[in-house]
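Start from chain C and add chains W and H according to the hints.
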Amino acid sequence: MTARRLPTGGSIDRGAPLAFRWAGTDLTGYQGDTLASALLGAGIDTIGSSVRLGRPRGITSAGTEESTALVQIEKPFPEPMLPATTVELAEGLAARGITGQGRLADRDDPARYDARHAHADLLVVGAGPAGLTAALAAARTGERVILADDDIRVGGSLLDYGETVEGVPGEQWAAGVLAELASLPNVRVLVRTTVFGIYDDGFVLAVEHRSDHLGAAARPGRSRERIWRIRTTTTVIATGGYERPIAFANNDLPGVMLASAAHTYLHRYAVLAGESVVLFTTNSTAYGAARALVAAGARLTIVDTRPEIPAGLDSGCRNLGIEVVTGHHVVTALGTDRVHGVTIAPRRAGGPHVAGASATIDCDLLLVSGGWNPVLHLFSQARGTLAFDERLQAFVAASEVRGFELAGLAAAESAGYDPADPFAFALHPVEGVWSIPLPADGDAGGSDTRFVDVQRDVTVSEILRATGAGLRSMEHVKRYTTLGTALDQGKTSGLLGSGVVAQELGISVAELGTTTFRPPFSPVGFAALAGADRGELYDPIRVTAIHPWHLAHGAEFENVGQWKRPWYYPLPGESLDEAVLRESIAARTMVACMDGSTLGKIDVRGADAAAFLDLLYTNLMSSLKVGSIRYGVMCGPDGMVKDDGTVIRLAEERFLVTTTTGNAAAILDWMEEWLQTEWPDLRVFAASVTEQWVTIPVVGPLSRAVVQQLAPGVDASAAAFPFMATRDAVIAGVDGRIDRISFSGELAFELNVPAWYGQAVWEAVIAAGEQHGITPYGTETMHVLRAEKGYPIIGQDTDGTLSPHDLGLGWAVSKKKPDFIGKRSFARAENTRPDRRHFVGLLPVDPEESIPEGAQIIASREVTIPMPMLGHVTSGYRSAALGSHFALALISAGRDRMGERLFAWSEGRVIAVTVTDSVLLDKEGTRRDG
Amino acid sequence: MLDTTPGTAPGAALPDHPDFLWRNPDPKKVYDVVIVGGGGHGIATAYYLASRYGITNVAVLEKGWLAGGNMARNTTIIRSNYLWDESSGIYEHSLKMWEGLEEDLGYPLLFSQRGVLNLAHSLQDVRDSKRRVNANVLNGVDAEWVDADGVKELCPIVNISPDVRYPVLGATYQPRAGIAKHDYVAWGYARAASALGVDLIQNCEVTGLDVRGGRVVGVQTNRGTIAAGKVALAAAGHSSVVAGFAGIRLPLQSHPLQALVSELLEPVHPTVVMSNAVHVYVSQAHKGELVMGAGVDSYNGFGQRGAFHIIERQMSAAIELFPVFARAHLLRTWGGIVDVTPDASPIVSLTDVSGLYLNCGWGTGGFKATPGVGDTFAATIANDAPHPLVAAFTLDRFRTGALVDEHGAAAVAH
Amino acid sequence: MQLIECPNCGKREEIEFHYGGQAHIAYPEDPAATTDHEWSDYLFFRDNPKGPFAERWYHGGGCRRWFNAVRDTTSYRFLAVYQPGERMPALPGTRVTR
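Chains as they are written, first to last, in the working numbering: chain C, 1 to 930; chain W, 931 to 1344; chain H, 1345 to 1442.
If we strip away everything but chain C, and leave its shape as in the complex, we get (with noise of 0.2 Å):
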């Protein structure tokens, strides 16, 4: 028998019995247990086997900084890798130890994640005696305070080891303040809360467990784990300390324990973690654990590395009946699957080194002190800088750090508790050994058994191999043994790593440094970071006002950017081909409309808003009459094609311009670049209009008709409403506008409506249309209509690298302007290069021969390897009006090449295509006046 649940005490509720399920065992702990104090109460403590080498591996803390007894969570839902100290018990848990990795659920996690915003002034991290000080202090003042804690409630070292404070036993302290705290309106306590992250201008994120502890009780939709976002003033770190272990052989053993979680699992889990016990020790902290556990029962042994140790811990370890042994190291921890003894050895006086002969101690449980690292991971992230404090051998603060405040065992003892005792939990100074030489004998086997990092199965002899092989940088060690970059990320092992290669170097730890501590400070659920950013909420979906009319309609989506656009309106049975064939038929026979009201419009007025779409525009845009529209092309500085569209001027003043889709935020802000930063002097508004305005073009040879129909109040005939004109018009009785424009080079007006009334209108269409055949048509029939016409679209026929002249929109550029944005560029030798790619129609060989999108152009059917590329196919289909597939492509010097024979090469497939004017269908322009 090693460990046992004691019949009385601790902070557990015994009336609240939890079944769980350890490795296939039915076991019972209680509520306020871990899965650690949970299994060691049951007498387990052997968890797991070691990742490298297959040891064993046992309980070795009680809180985050666990380094051995990792488990695999199996039920409620599979959860790889937690240590088993920071699970808290809960019924139904069933777990398992593992070796080394973790294990993800093969199904969808069904619990739900959130997050949360909290501004405070003060934030306090840690709630044990500095941290609740402080809180109450600023939380009297009025000062909005955020007080966080990992643990289930407050408390923090006094619930574990049961100091008093105020001459009060801790836990009744700790609670008093809650009370307080609790009862203030400025106030909020989060416990089972981690703070993981310290970012800029007091940013600091946390991570809320919220349900796991709850069980089946837990409120259906509860999020599970929250990720609280605080922005404070000032954060007040006061996270305490970890015990520090010894690398000394065979000190990875199951029943090896650091003397503080001892102590921990007997106050506060009343969990006696051994009988026969022995306390390996380098300073006087560890004493309290001691007399706590011979109290308890246990009988005990303290081997202290120290010659001597202060009177009257010296006296009341006498009178307790503890023996001490001064002086000595434990050199090896005896046993296989557990410790059952210890060697012991004398050493010279402040030397590592044994001399003399060893004795053996039995044991069934061996504590280990090497002193305490201030935890200070979270300062560090906020970019405090540490030093190296010789007294107590650990890196300590050395910085002041705006808005950061460090609180320990001063705002401790100045709330009054009491670090005189000499066994009480206090800062000693501690003398520094890292690592016990090996036994002379060779007790510890063949190899070297002394971890200095446990759960990387990283020892000594691999620490002095990695200096030996000439690295002098604790990264380099890092590196090379995987020493501090298991699950606890060097929590315990990384000063001792230091402590080692100080040694053998020669240097001090000061001079060696420690690496870096990186956010999080423990880890943090991908889910958990994930929040409810998932699924449809990942990323907003826009859709335009007629959209109910598409989805009840079955039309297919296409997402374009943020919007779902509709792709085609497939018949029952119908696939996407044949779809857009009736589709683009209708509209080059008949009559069709389609929903373009996801066009990016943005209205740009005010006494200077020409001359400032003339600098926007390549073409000329103060020249265009009002109540006229013009195409019009944008460009970066580069010369490259930007975006294009449509400017309508609708006032002297006032101009309504049109983007693409994808680039209506992007062009408005760009407006509003030049508008603000270079040209402030102009007077010019812009602001986007796109969602204000539904827009639908009706095309096709009788779109007339159903227009008139529509707008009787316009005179709709080619003489009156001439092409690229705009009206005003009642659009079945609503007010609106209606622009000739066309996109297919069919007769086509594009009716604006406000977004209000766009499916009504849209639905007035379809009713006008009937008669006449009108069929709904998505983005595909769209490019269709467009691609046998030639014009090209930004983004898919052109990738950034293409200037206007490349398009063959050489004609959209003005050569009067003095200057635009892109004009000078054109100057370049490099975009003047004849052989630059132009934009160009492919037309197979044989008709019924489809052209990929992405295939690239080779001047040959033969292909060697590397095989020059002329270019590429941007957009490829098959035209019901030219009887043939088709494509767009771009070609170097493609002009220049008219009539050639070229090759068309996708995937393995090679198409004999003929180069071709861009333009195949209705070169005259005869069919967009209907």
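Hints listed in this document are in silico derivations from the structure and should not be mistaken for laboratory results.
Some hints could be false.
[Said to hold, decoys possible] Derived Cβ-Cβ restraints for the label pairs, each shown as a range:
hint, chain 1, residue 1, chain 2, residue 2, range
1, H, 1360, C, 683, 48 to 54 Å
2, W, 984, H, 1360, 53 to 59 Å
3, C, 829, H, 1395, 33 to 39 Å
4, W, 1091, C, 767, 52 to 58 Å
5, C, 728, H, 1354, 53 to 59 Å
These numbers come from a predicted model, not from an experiment.
Note that beta-carbon positions come from the ideal geometry of N, C-alpha and C, so glycine has one too.
Below, chains W and H without anything else, positioned relative to chain C:
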């Protein structure tokens, strides 16, 4: 060697490093070539100068610890499926060198050609992907287009449901692509270079460049002045500052780029998956940890850290694509500094200063290019003329406009 | 995530802002008169200092106004914010650009 002790986690062990890695010499007064920057590129360049060109009187000056910059911080993806001829040329050269590198260096690199999938989530992604696949194949780079079911076959944990916000429509697949273990690569080069006589000098920060009569003659450092016949810059994000010592202005902006790892997990992810549209790239490293890259922070920054909302966004995207990742844990985040050029292609170039050579602007592509750059930059230095495979990557191209625009071509980054 | 002080709105979260690169790069008075070298300077060449850097920021998620800031690219701290068109304020240890 790999541990196969019963009861240990499969694959959880890494091969041992050699007993000796490199000397720690004090700087000499004079070197034939001084390389500024002891990252992967700097060390590899020194190795090839020594091994291929017999130039062994070489110092690599590193201001911190060797290979502690981006070499220690990247997500180790290796691939060559870039769009333009110039890009795929240098990266494919590099990939071919990767394929023989373990043998060349006599060092285990955990080079794993497990394939890389670049996902397409929109019809335009599909077009761009096919364009790139076709260009790759015609350039002799292994590449294929796979549909969503094909993606599922290669990486069963990818969610290919059409009902997600941005469904997977397919992917480009490069079977020869993969990952390697970054430290092992750097150290393999360092050990080999040191053995050939190259001085690897750490904690040596360059504070000035000595230029006389249009020719570089040495460097000033915090450890004194060092004379040099030639000086080669391989200082990644810090290149602007160092080049500035010689009055050379570079079109670089340095940005934070973050990455992260999970705890060690049993194997779930057999390949490498990248998605530009939802900003994910992830692989499962040899030990079992998921290694993921996040997006670039928008602002210039030399702090080797970024903002946390980038990580949160990354997690959302990862779970969208890989729902089984939900309960994995973020173990560690860190940041590197990527130096980005206007066309997202590197600069490997002679300069107006005789004997001064530039290698920078690799953005997120630096690790995979390490062998290729080392080889071609060494050639450029040794011959005082650009190696043909990097001839397009001159500094001058930003003057003439002859860009190699991997941004505009929508090629995936990283 | 930083708090950025918009000169119009006050301190706001970083995600509301867009980065706009180096400040005080004026569009050339007469682009046609620039040499290729000068024009490429304007197009592609920006400073990339470690330390204080005068930059443009855009409060796209707020007032939608551009402003300038001096920020330390090493610590990421904002040292000053000011309106477009204003001179870069003199700060201890920083070089004033134009």
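Results of checking the hints against the structure:
Judged by the Cβ atoms, the range 48 to 54 Å given for residue 1360/H and residue 683/C is violated: they are separated by roughly 27 Å. Checked against the hint of 53 to 59 Å, the pair residue 984/W and residue 1360/H passes, with Cβ atoms roughly 57 Å apart. Separated by about 37 Å at the C-beta atoms, residue 829/C and residue 1395/H satisfy the suggested range of 33 to 39 Å. With their beta carbons about 37 Å apart, residue 1091/W and residue 767/C fall outside the hinted range of 52 to 58 Å.
With their beta carbons about 42 Å apart, residue 728/C and residue 1354/H fall outside the hinted range of 53 to 59 Å.
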